Every structure is written in C-alpha cells, then in structure tokens.
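Peer 1: Residue-level listing of the chains:
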Amino acid sequence: MQRRWHKLSEALIESVIRVCGFSAVIFVLGIFFFVCREAAPLWSEPSFHWTEFLFSIEWQPTSLHQKRYGVLAMIAGTLGITLLSMLIAVPLGVGAAIYISEFCSPRLREILKVLVELLAAIPSVVWGFAGLTIISRLIVRYTNADVGVNLLNGAILLALMSIPVIVSLSEDAFKAVPDSYREAALAMGATRWQTVWAVLLPAARNGLIGAVLLGFGRSIGETMAVLMATGHAINIPHSILDPVRTLTANIAAELGEAPAQSTHYQVLFLIGVLLFLITFSINLAAGYFIRKERHQ
Amino acid sequence: MSRFLVTPQVAAKIRQERIAHSVLALILVSILIPLLAIVAYLFWRAAPALSLDFLLSSPTLGMREGGVWPAFVGTLYLVTISLAVAAPLGILAAVYLTEYARENWFNKAINLAVLNLAGVPSIVHALFGLGAFVYGARIGFSVLSASLTLAIMTMPVIIASTRQALLSVPHSYREASWNLGASRWQTIRRIVLPNSISGILTGIILQVSRAAGETAPIMFTGAVFYKAIKPGTLFPYALDEQCMALSMHLYTLSTQTPGVDESIPNATAVLLLLLVFSVNSVAIAIRMLLRSRVR
Amino acid sequence: MSNRLEVHNLSLSYSGHRVLNDLSFDVRANEILAIIGPAQSGKSSLLRCLNRTIDFIPQASMSGRVLLDGTVVSGKTDLDVLRRRIGMVSPLPVGLPLSIFENVAFAPRCAGVSSRTEIAETVERCLRRAVLWDEVKDRLSLPGTQLSGGQQQRLTLARALSHNPEILCLDEFSIAIDPVTTMRIEEVLRELRPELSIILVTNLTQQARRLGDRTMFLLNGEIVELGPTDKIFSGVVQDPRTADYINGNFG
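Residue numbers (the numbering used here), protein chains in the order written: chain G, 1 to 296; chain B, 297 to 591; chain S, 592 to 842.
Hints listed in this document are in silico derivations from the structure and should not be mistaken for laboratory results. On a predicted model such as this, the values are computed, not experimentally measured, just so you know. A couple of the hints might just be wrong.
Below 30 Å or equal to it, Euclidean Cα-Cα: the simulated DSSO-like pairs (lysine-lysine) are [claimed, not checked]:
id, chain 1, residue 1, chain 2, residue 2
1, G, Lys-7, G, Lys-175
2, B, Lys-309, G, Lys-7
3, B, Lys-404, S, Lys-822
4, B, Lys-404, G, Lys-292
5, G, Lys-175, B, Lys-404
6, S, Lys-728, G, Lys-7
7, G, Lys-113, G, Lys-67
8, G, Lys-113, G, Lys-292
9, B, Lys-523, G, Lys-175
For each label pair, taking beta carbons as the anchor points, the in silico distance ranges come out as [as the list claims (entries may be wrong)]:
id, chain 1, residue 1, chain 2, residue 2, range
10, B, Ser-468, S, Asp-830, 57 to 65 Å
11, S, Asp-830, B, Trp-401, 40 to 48 Å
12, G, Ser-180, B, Leu-348, 41 to 49 Å
13, S, Pro-734, B, Ser-318, 19 to 27 Å
14, G, Ile-111, S, Glu-709, 29 to 37 Å
15, B, Glu-399, G, Tyr-142, 28 to 36 Å
16, B, Asn-400, S, Asp-804, 29 to 37 Å
17, S, Arg-784, B, Asn-400, 51 to 59 Å
Far from chain S by the CB rule (all over 12 Å, computed), these chain B residues [stated by the list, open to error]:
id, residue
18, Ile-315
19, Ala-333
20, Asp-349
21, Ala-383
22, Ala-409
23, Gly-432
24, Val-465
25, His-467
26, Tyr-469
27, Glu-471
28, Trp-474
29, Ile-487
30, Val-488
31, Pro-490
32, Asn-491
33, Phe-531
Even for Gly, the Cβ is constructed at its ideal location relative to N, Cα and C.
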C-alpha cells in the first residue's frame, strides 16, 4: 500500500519535471505566437502593404493624410550600428580573450575574469545613460557633429556591451582546445604567439564563430542603450555621425503612444516578429557552430 | 651548460613574440580603461546625491528631487516574484535535461529552445508580455504581468547554471545510488541536488541581477515612472497594481524629465550598478568557495 | 538444489553492437558462482543486466528471460524492488557523498524504513558483517570519502548488504584495494554463502579458484565453459580455450 502511494507520487513528480523541461519550447513558441497574434490583423488590412513595409524608408504611422509603414531606414540603422560595433568589438574581444587565456599569469587571469563578468552584468539602461551623458559629450567635443546621439554613439555602446560576451565565449572556445595541441606546437619550437596564430585560432574556429554570432545576435536585439543614445531620426544614415533609429528602439519609442489594436500598434508588433525571426536564425547558426565545436 | 646561440631567425621570433604580447596587453588595457573610466565618472557625478537618505526617501518636486525608495522597492518586488516563478521552472527544466532526457529530436528541440529563449531581444519579450499577460490573460498592466515577463526572460540563466552544477556531480554517485534500489527521483533528491546547491544558488543570483537591470520588458507591462505610495512602507504595491522600478526610473529621469540636477540620475545609475555588482560578487564568491573546497 | 537465478537466452547490444550473445545459465542457492574472462568479454554488462541498471544506458538493448526465485524480472517489473533483491559491489571504491552512517542507511531509507532504531540496527549489523564496524564505530558521522580505499570497499559491501539481497554481485571488487583487505572480504564472502548466493566477477583466476563453487568462463559475450571449479582448474575442461586462459596463455 505504501509502495503504491510511493510509486504514484514519483510518477507525478516525474511528469511535473517533464513539463518543466518542455516549458522552454512552450515559451519560445508562445512568444512567437502572441507577438504574431497582435500583428495578425495586418494580413487583411487594406492600408498595409508588405513591399512598402520591407522596402520603403518612409515611416509615418501617425500622418493624417497617408500613413506609411516602411522600416527600411530602421533596418539600415540596425545594420549600421551592429556592423560598426562588431568591427570594433570582435578584434578587441578576441584579442583580449587570447591574452587572458594564453598570455597572462593565472593570478591576473582570475582578476580579469571577475572583471569581465562584472562588466557583462551592467544593465543596458545604465549603458544608455552613459551614452547619453558621457559619450555624446565626447563625440560633440572631438568631432564636428551637431549632436552626440548618433550611429557612432550607439556603435560604441554596443561594442562595449558585447565585448565581455565575446571575451568569455571566446575564452571558452580556447579552453576547449586540448592542451596537447599547445604542447605539440611548443615542443616544435613555436613561440606562444605562433602557437596561437597557427594552431589555436584554427582549432577554436567553430567556437569563435559561434561567439561572434551570439554577440551579433545580442547587438541586434539590444533595446535600451540604442534607444537612449542613437537619436530620433528615421533616415538612412549617410555618415556615422548621423542620428539613426533601430528596429528595437523604434518599437520601444512608439509602443507607449500607439493606441492598442490600431494599425500602428499592429505594425510595431510586426517589427517584433521580424526581430524574432532575425535573432532566431542567428541563434540557430550560432548554436550550430557551438555544437560543431563540442563534437570536435 | 651549453651555449645557446641566438641566430637572426630566433631573434626575429622573440621580437615577434614580444610585439604580440604587447599588442594583446594593449588591447586589454584599451578595453578596460574606457569601461572603468565610465564607471568612475558615473560615481563621481553621483557623489553629491548619494546618501542613505537618497535610498530611503521618496521623490519630491515632481520627481525632480528626493530619493528613490519606491523605485527600489518596486525593483525588489519584480525581482522576488520573477525569481519565485523562474527558479522552480528553471531548476526542474535543468533536472529534466540532465537526468531524464535522452538523445532524441524532442530533446534537441528543447536545447534549441533554451538557447533561443536566451537570445530573444528584450523588446520582443516586452511585446510578448503585452500580448500574453496584459491583454491575453487579462492580468492588465501590473506588477504581476511585469514579473511574469521577467521570469520567462531570465529562466535560461537559471537553466544554464543549474545544468552545469548537475553535470559536475560525478556519475558514479548516481550509479551507486541506483545499485541500492533508489529510483531516479530519489537519487536526484537525495544525492544529486544536495551536491549542486552552490551552482544552483549561483544561477539564482545571476537571475536576480538580470531581472533587476531590465527596463524594456517591464516598461510596457507594469512599470511606471510615478506611482503614489504611502511613504516608508515595506509593502506598498499590490500584485495587480503598477509599480515603479529603478531601471525605469533611470530611463525616464534621463530622457523625459527636464530640469533635474545631474547628480540624481547619476546616483540612480550608481545605485543600480551597486545592486548588480554586489549581487554578482556574491555569485562569484560562492563559485570560488566551491572551487577551493573541491580542491 | 533450487535455483536462485535463472537466465535464459540473454543477449545485449550497445547501439547494434553485440556484447552478450544468447547466454543461458543459472545460479544455485547458497553457492558462489565465479565468472572469469578477459577484459571486454561482457562480464560487467552481464551484472548490469541482472539488476537492470542497464536500463539507464540509452543505447543498450537487452533481450531474453531472467527469473529470480521463480519470478520473471526481465520484463516489466518493479525495478527498485529488484535492485534491492540484488546487491552490487562495483570495482572502484567510490561511495555516496554522505556520512558513513548515512551511506549504509541510504538503501533502507529509500525503501521506506523510517524507524530510527531499525535503521541504526541495520547500519551496525551491515558494518559488522563487512568487518568495518570496529574501525568506524566512533566516527559514523564523518564523510565516507575520508576512509581509505580498503575501508571504502568494505563500506560498499556494507551498503550492498543493507537491503538484504538474495544475490550479491561483486564486479572485480579487489582491483583497487590492498591484498589484506581483499583477503578479509573473501572471508566475509565465505561466511555469507549460507545465507545468499554470490556472483563473483573477477579477472584474478586464483581468486575464482579460492572462492568459486562453480566457475563460468565468459569470452566475447559467450559462455565458453561452466562447471565445478575444482574440475575446471585441474584441467578437466570442455573447451581448450578455458585451459588456455587459466594458464595465462592469453587475456
């Protein structure tokens, strides 16, 4: 009798655990579902045109004569900021990871790893604040920009924010390379740098690609920092000193004002769907490369 | 002792090595200096306003002066409730993935989902919270909606830490337990989980840190810039009410509130940083303690 | 003599790769069955099939019939109860991360025993049987990991006895411990013989000779020889490979 009760409660606990395990899938599907749901009415909305959405730079959701919902300028803004920030962050981040993992003393390594972890924990709103107050003033002072909130500001912030992520993931990739590789190279008379260049970097390639992709995905999805530091102009930027609007910042800026269930509101949700699909594919690719590294 | 000849090739190699070492160190320094300078500058600018009073008193003069107590309490509310939801879900999900799951497509999908959940942009989480909790479940714009949104957003953090902790428990413990007639759950409950506590704790602490700093997910689901509360109370918010939060406070203060003395938003930022840093330091300390004990 | 354990046509594969091939044998009451054979012949896997811990290995698939005291245990059966009827001592002296007392109390607790006196009695009884009581009785609350290798293996034996098994399986129990402890445990096994049946997997042929009533020679997942120990070791074998192995010509 006690045995029956015991087995029943075990079976119950195991089903709860299974459900929790599956919950991540439910949540991801749920996110996609609910965001799509709010944007769904656009499918049959006459004033909404898909080609205009993806290929027009005219974004006038509140215009009185002709509402326009083109997000191309925001896509340009997102790409511009993200690519520039990756250009800065990847060499710096991978370089720092090489130093931490291969060149510095164990004591220093511990300190640096703690520092990197703390820097990675800084909330994005604090970064945005730093961009708004500190970096914008620096930009105005040292360049001939009129305002300090622009593409450059956003790119610098994103770079600073994604460097800790890239550093720790690259470090993991280097740690995964077996010591025997290093020892073999050193035994042949290679210096540490030659070992890194000729042996380590190729061996950790998949992990590094995964790290860069994950950093890329995070940068595309960053909201608060770019909202606060890139300005309000919805134009395709012509120079890095131009203010821009990213997809993420635009949603955050206008969602509060758009009346619930209006077309404007639904289009903002559609941008959310677009963002979800973009980051989903990037994460898929990153996951592929990280898995490839693990199976090496 | 044999003579070691420094040939031109060897000299070149040594020079190259030194250059590489210096360049890499320079890279590291060029990253750390701006970061530390920014943090230091924030502290410096915040100094005039930083005090215990700042933490404990409420904003005055139309939010332009005074303290941040309601926002601080609001953040504590959001963090606690989201933790209460995310922790059991995340821990049990990690238990499933490490102790029960086999190598099949079903579980590959789950792994993929966890990875993707961590990478969803925070604004998309906000949209989800709006669509699912505020409107879908009719909970409305409230502490509960915001906390649930935060919980789903931060669940991957707990899953990752817990998984790592569970995987580091030696397999031989499980085998010994099974051989004695313990069921899978008994083994997990009596042997595996008690030996993963510090890793799980680390995950919880990291979740708290993430949840405290997020702005976008709560901005549209329950956090507001101003909410009248009774001063000095410890439980000023009900679950179905809106609340203030430190991150939201910083955002609105710095972008939409003219005429504020600079020290106040700086102090809010510093307070948020101190909160996040101290929480993360506890997690780091736990990890180091664990590592030294294992040795 | 009645059969404690009957095995009919037991086969085991790991991801399609055959490890045990159509084994049929029995274990009699109150006997020590020694199983010898070179490495990778499937001896450990065989034990895992008996107490069904093979189920925890996802790539393993087992077929055949196993009967314990007349009841079929190879199909759908209460696995926790089965694992308590079979005691297992593994090669490496690794215990549970608990105190010495809790190590031995673990199985009774999982089985539902809650009476403190009963558990304390069981712990003392099993530690005495395993010839460990005198050495640890004053430090039962210390972690089991603080014991020496030989003490830990005796602790494993005490654990295995704590759930009153009908069959005790030992998987190369002596490879990681000193000869003195090995001898003490061998004495314990002889003392246990009147109460239960023992399956002793070993790659020390002399140990099989000392302890086994019958000996089985397992090679590449197949039973090459099964018969009384003294006959096998005096050269009366049915298969020449057995004599080869015993004489050290291979393996």
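Peer 1: With reference to the structure, classify each hint as holding or not holding.
Peer 2: Status of the hints after comparison with the structure:
{"no.": "1", "hint": "G:Lys-7 / G:Lys-175", "result": "violated, 44 Å"}
{"no.": "2", "hint": "B:Lys-309 / G:Lys-7", "result": "violated, 69 Å"}
{"no.": "3", "hint": "B:Lys-404 / S:Lys-822", "result": "violated, 55 Å"}
{"no.": "4", "hint": "B:Lys-404 / G:Lys-292", "result": "holds, 14 Å"}
{"no.": "5", "hint": "G:Lys-175 / B:Lys-404", "result": "holds, 24 Å"}
{"no.": "6", "hint": "S:Lys-728 / G:Lys-7", "result": "violated, 35 Å"}
{"no.": "7", "hint": "G:Lys-113 / G:Lys-67", "result": "violated, 51 Å"}
{"no.": "8", "hint": "G:Lys-113 / G:Lys-292", "result": "holds, 25 Å"}
{"no.": "9", "hint": "B:Lys-523 / G:Lys-175", "result": "violated, 49 Å"}
{"no.": "10", "hint": "B:Ser-468 / S:Asp-830: 57 to 65 Å", "result": "violated, 36 Å"}
{"no.": "11", "hint": "S:Asp-830 / B:Trp-401: 40 to 48 Å", "result": "holds, 46 Å"}
{"no.": "12", "hint": "G:Ser-180 / B:Leu-348: 41 to 49 Å", "result": "violated, 56 Å"}
{"no.": "13", "hint": "S:Pro-734 / B:Ser-318: 19 to 27 Å", "result": "violated, 49 Å"}
{"no.": "14", "hint": "G:Ile-111 / S:Glu-709: 29 to 37 Å", "result": "violated, 54 Å"}
{"no.": "15", "hint": "B:Glu-399 / G:Tyr-142: 28 to 36 Å", "result": "violated, 55 Å"}
{"no.": "16", "hint": "B:Asn-400 / S:Asp-804: 29 to 37 Å", "result": "violated, 45 Å"}
{"no.": "17", "hint": "S:Arg-784 / B:Asn-400: 51 to 59 Å", "result": "violated, 45 Å"}
{"no.": "18", "hint": "Ile-315", "result": "holds, 50 Å"}
{"no.": "19", "hint": "Ala-333", "result": "holds, 47 Å"}
{"no.": "20", "hint": "Asp-349", "result": "holds, 49 Å"}
{"no.": "21", "hint": "Ala-383", "result": "holds, 24 Å"}
{"no.": "22", "hint": "Ala-409", "result": "holds, 21 Å"}
{"no.": "23", "hint": "Gly-432", "result": "holds, 39 Å"}
{"no.": "24", "hint": "Val-465", "result": "violated, 8 Å"}
{"no.": "25", "hint": "His-467", "result": "violated, 10 Å"}
{"no.": "26", "hint": "Tyr-469", "result": "violated, 6 Å"}
{"no.": "27", "hint": "Glu-471", "result": "violated, 7 Å"}
{"no.": "28", "hint": "Trp-474", "result": "violated, 5 Å"}
{"no.": "29", "hint": "Ile-487", "result": "violated, 6 Å"}
{"no.": "30", "hint": "Val-488", "result": "violated, 10 Å"}
{"no.": "31", "hint": "Pro-490", "result": "violated, 8 Å"}
{"no.": "32", "hint": "Asn-491", "result": "violated, 6 Å"}
{"no.": "33", "hint": "Phe-531", "result": "holds, 40 Å"}
Going through the hint list in order, the structure does not satisfy hints 1, 2, 3, 6, 7, 9, 10, 12, 13, 14, 15, 16, 17, 24, 25, 26, 27, 28, 29, 30, 31 and 32.
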